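Novice: So you can see what is in the structure, the chains are spelled out below.
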Amino acid sequence: MHARRSYVSARAVQILTYALVGFLVLLPIVPIVLQSFRATPLYDPGGAWTLSEYVALWHDATFWQAVRTTLIFGLLSTAISLAIGLAAAILVARTDLPGRWLVGFIMLWPAFVSHLVLALGWITAFGPSGFATLWLKEIVGEIPWTLYSLGGLSFAAGTSMAPLTYLYCIGAARTIDSTLESAARIAGAGPIRAMWTVSLPMLRPAVLASAILNFVTSIELLALPLLLGSPSGMEFLTTFVYLRGFEASTPRHGLVAAVAVVLLFAVTALVLIQTKLLGDTRRFVTVGGKATRPRLISLGIWRYPIAIGFFAFEALFIVAVLFAPVVRSFVDVLTPFVPIFDVLTLENFQSIFGYDQFIRSIWNTVLVALIGGFLGTCLIAAAALVSLRSDLPGAAGLGFLALYPRAVPGVLVGMGIVWAVAWVPGLSLLQNTIAILIVAFIMRYLPIGWGAIQPALLQISPDHDRAARSAGAGWLSVVTRVLLPQLRPALGACFMLLFVHFIKEYAAAVFLFAPGSEVIGTTMLTFWFKGDLGAVAALGTLQIAMVLVFMTAYRLIAGGRFGG
Amino acid sequence: MAEVTVRSLVVQYGKVAAVDGVSFTVKEGEFLTLLGPSGCGKSTTLAAIAGLERPNSGLISVGDTVFFDSARSIWLEPEARSLGLVFQSYALWPHMTIEENCAFPLRLRKIGREERLRRIREALELVDMAAYASRYPHQLSGGQQQRAALARTLVYQPRVLLLDEPLSNIDAKLRDRARSWLKDLQNRVGITTIYVTHDQVEALALSDRIAVMNEGKIVQLDAPRVIYESPDDPFVADFIGTTTFLPATLQTDGKAVLSDGQSLGLPSQGRSPLRGSVNLAIRPERVRIVGAEVAETAAHVNATIKSKSYLGGRFAYDIALAGTVLKVESDKEHPTGDVNLAIDPNALIVFPA
Chain P
0 MHARRSYVSA
10 RAVQILTYAL
20 VGFLVLLPIV
30 PIVLQSFRAT
40 PLYDPGGAWT
50 LSEYVALWHD
60 ATFWQAVRTT
70 LIFGLLSTAI
80 SLAIGLAAAI
90 LVARTDLPGR
100 WLVGFIMLWP
110 AFVSHLVLAL
120 GWITAFGPSG
130 FATLWLKEIV
140 GEIPWTLYSL
150 GGLSFAAGTS
160 MAPLTYLYCI
170 GAARTIDSTL
180 ESAARIAGAG
190 PIRAMWTVSL
200 PMLRPAVLAS
210 AILNFVTSIE
220 LLALPLLLGS
230 PSGMEFLTTF
240 VYLRGFEAST
250 PRHGLVAAVA
260 VVLLFAVTAL
270 VLIQTKLLGD
280 TRRFVTVGGK
290 ATRPRLISLG
300 IWRYPIAIGF
310 FAFEALFIVA
320 VLFAPVVRSF
330 VDVLTPFVPI
340 FDVLTLENFQ
350 SIFGYDQFIR
360 SIWNTVLVAL
370 IGGFLGTCLI
380 AAAALVSLRS
390 DLPGAAGLGF
400 LALYPRAVPG
410 VLVGMGIVWA
420 VAWVPGLSLL
430 QNTIAILIVA
440 FIMRYLPIGW
450 GAIQPALLQI
460 SPDHDRAARS
470 AGAGWLSVVT
480 RVLLPQLRPA
490 LGACFMLLFV
500 HFIKEYAAAV
510 FLFAPGSEVI
520 GTTMLTFWFK
530 GDLGAVAALG
540 TLQIAMVLVF
550 MTAYRLIAGG
560 RFGG
Chain G
0 MAEVTVRSLV
10 VQYGKVAAVD
20 GVSFTVKEGE
30 FLTLLGPSGC
40 GKSTTLAAIA
50 GLERPNSGLI
60 SVGDTVFFDS
70 ARSIWLEPEA
80 RSLGLVFQSY
90 ALWPHMTIEE
100 NCAFPLRLRK
110 IGREERLRRI
120 REALELVDMA
130 AYASRYPHQL
140 SGGQQQRAAL
150 ARTLVYQPRV
160 LLLDEPLSNI
170 DAKLRDRARS
180 WLKDLQNRVG
190 ITTIYVTHDQ
200 VEALALSDRI
210 AVMNEGKIVQ
220 LDAPRVIYES
230 PDDPFVADFI
240 GTTTFLPATL
250 QTDGKAVLSD
260 GQSLGLPSQG
270 RSPLRGSVNL
280 AIRPERVRIV
290 GAEVAETAAH
300 VNATIKSKSY
310 LGGRFAYDIA
320 LAGTVLKVES
330 DKEHPTGDVN
340 LAIDPNALIV
350 FPA
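Protein chains in written order, with numbering that gives the first Met the number 0: chain P, 0 to 563; chain G, 0 to 352.
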């Protein structure tokens, strides 16, 4: 009787988890797909099914222009992110570059900062009236670059996406059997030749995976294209959705939904390709012999020139870009013509603390990140356990479901959920509360948390489960007594990742926030369009500070380490 | 092809000397093995010769070429040494086929296509791998990978062949075959070879000479037979083959008295002027178990068989003698219990206690 009861409750928990994840993932997608076949809003009764919106899209020249711009931007920024991240990974992991630890550490910084803050940083430093631009104009007499161009935008986006390439490739680079490089040296190859012929091809799977992920990211990027691209009239698929679905006075729901469906299809296809394309990965894996001391490739006389070059690059395009908003937040105006001490001020911070909306958005952000991070971690852990460690029929499909939001751009998550709230009876209770933001954020970052928990769970041998089961434990006991305790570090990492992403997130929130449920990201965007860059910088600085404080605390408590 | 000279080589990791003043010469065409337990410095010595590890001091040269000389600050990068090294992991580049693996060193040497293909074919035929030229490494078995790695090394005719435990990743069953095949190959190619292993059987079977290493130093360098039959040092006696050490006291009459009062005869040409406490080293196959039916003589000692195990064709015994457990092997089966042992005086090696 006891065994029977534990079986029933285990099944109930498993099915509930499955249903919850399924509901969450489908919540924004279903309304978008349905809406794209309607000319009138979904919640209007009596609408008819039609293909008219797709037809309209087909004849819309601005749409095709946006497709073209998005593709060029995606390819350019992916290439740039690859070049930077790959070079850094090989130099840090495989060579005796002086200061390689610091090179790798700084390389990761952009990953912890919102794209809004990065956009502000690029504009403040390298924009038409940016600090570095004006300074160089003084010396050279003309501006050698234009940030508000497809090239400038791609460079900014590429640099901000380089941490992902770096993380993917450095993991792979560290596992390269150094005897492969040694064998090349002995066979007669110099250090550069050995890197080119042996180390680089070994990284092919990591390069491919990060290239596709970055291409997906660049296609769904909103802040950088919106803030750096719009001034010169460029339109992208995401800005198309944002401007017509949100900013426009009379949004054309069906048309926007049709664009969204196109976007969804493209991104889904890319994600599927990425999973399939890697093929026979054993061609890149070697079975090592005894644990020899890994030998580093010696760069010889190139050591210092390469190191200086790389540090200069990072100082300009990472450190300066990240510090620009911080400095900007403490001054009235940032220009090389006025000494910085003459314009120092706390006014930006005083002004934001004077407004209710600012205080509220900071408070809301903290709440969303804490509560959302906790609930998200619980849900993702449950999903991983059901998917990988239960005999529920179709359990593997849960894993696919949890990873699917990778293919859903943030703007679409927000838009889909807005429509769902208006359309599904009962959900309107959540309207204009931070609860709806939490739902959207968890949905969007399911794959991120999954990435933290799933590998750790796979590391635990199923023999643990079998041993506990034969000792008389039911599924729930196995999970709570045997597996979860061993997963504690992974749960911590999952919470950390969700927290940081929730603090940074704005794209999924732009459609969802209302007076009372603002978060830092949306408030920044609002004030950006009002032209109050000082306040935006102050908020950005606060956002960076929150991430820093939290990560330091996490590091102290969990002893956790990331990347580098 | 050339003679290898290593003189006063020191490789330091922090404060620990992994290689501590190693010197040896390998004659042209000779097969020398560096043998020792893990961490004895044998692989580090090999890496220093190959140029993968930069020594702190000493000299390494091959023929007239000085690879490393701390006194004259000479250091040659690995790619400039023209040596061949087969790694324990084989280090076949996994993204290239076997043929491409072999072609890479030839391309680096700017050898034309026709000549390149001819030499690759020759090298692969030499190791019986011609049929696998277009395979990727992961499609080969361990033994095939090892032969492919050898082909990749021999294809550019290196001056010296360095082998770092090349047989240790092969199944035990295939290892014997791979070993005699390797010996045969070295005979045919006639290349100067330095071989690193911790497996004494491999070392004894393959080598012209063996350098036994311990804690960064060469303990003994001799022909295999000398190493096995007259070790200079208790470490060598213990490491090569199975050896039991019997504590005893040497007497002026040339006899050794065990702790229980029984005595053993010693080799006639006493090589040690030792007195007092000693250890007698003895090999398991040099002790004869005398059955109860044979009359006891003065040359016999009393002992007790504690346990035995069947090894297939022969038996291994643990025999208690004067408080020490003696390892003995015999092709005859004896019951456990009291027994007499006949020990040939010439089978005993005397070391100071």
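What the hints contain is simulated information worked out from the structure, not anything from laboratory work.
It should be emphasised that the depicted structure is a prediction, and the values quoted were computed from it without experimental measurement.
Some clues are possibly wrong.
[Unchecked claim] Simulated DEER-style distance windows between Cβ atoms:
id, chain 1, residue 1, chain 2, residue 2, range
1, G, A171, P, R203, 31 to 39 Å
2, P, W108, G, H137, 16 to 24 Å
3, P, A82, G, A130, 48 to 56 Å
4, G, K14, P, F310, 40 to 48 Å
5, G, K14, P, S297, 18 to 26 Å
6, P, W108, G, E76, 30 to 38 Å
[Stated by the list, open to error] Covered by chain G, per the in silico footprint, the following chain P stretches (three or more residues, Cβ under 8 Å):
id, stretch
7, 177-185
8, 229-241
9, 551-557
Positions of the beta carbon are idealized from the N, C-alpha and C atoms, including for glycine.
Novice: Taking a Cβ-to-Cβ distance below 8 Å as contact, does the stretch 177-185 of chain P have at least three residues touching chain G?
Specialist: holds (count 7)
Novice: Count the residues of the stretch 551-557 of chain P whose CB lies closer than 8 Å to any CB of chain G, then report whether that count reaches three.
Specialist: violated (count 0)
Novice: Using the C-beta atoms of W108/P and E76/G, is the stated range 30 to 38 Å upheld?
Specialist: 36 Å, holds
Novice: Between K14/G and S297/P, is the Cβ distance one that fits in 18 to 26 Å?
Specialist: 23 Å, holds
Novice: Please count how many residues of the stretch 229-241 of chain P have a CB within 8 Å of a CB from chain G and say whether that reaches 3.
Specialist: This one is violated; 0 residues, fewer than the three required, reach chain G with a Cβ under 8 Å.
Novice: Given the hint of 48 to 56 Å, check if A82/P and A130/G actually sit that far apart at their C-beta atoms.
Specialist: Hint violated: Cβ distance 42 Å, outside 48 to 56 Å.
Novice: Using the C-beta atoms of K14/G and F310/P, is the stated range 40 to 48 Å upheld?
Specialist: Violated - the Cβ-Cβ distance for K14/G and F310/P, about 32 Å, lies outside 40 to 48 Å.
Novice: Given the hint of 16 to 24 Å, is the C-beta distance from W108/P to H137/G inside that range or not?
Specialist: 38 Å, violated
Novice: Mind checking the hinted window 31 to 39 Å against the Cβ distance between A171/G and R203/P?
Specialist: Holds - the Cβ-Cβ distance for A171/G and R203/P, about 35 Å, lies within 31 to 39 Å.
Consistency note: the structure conflicts with the earlier hints numbered 2, 3, 4, 8 and 9.
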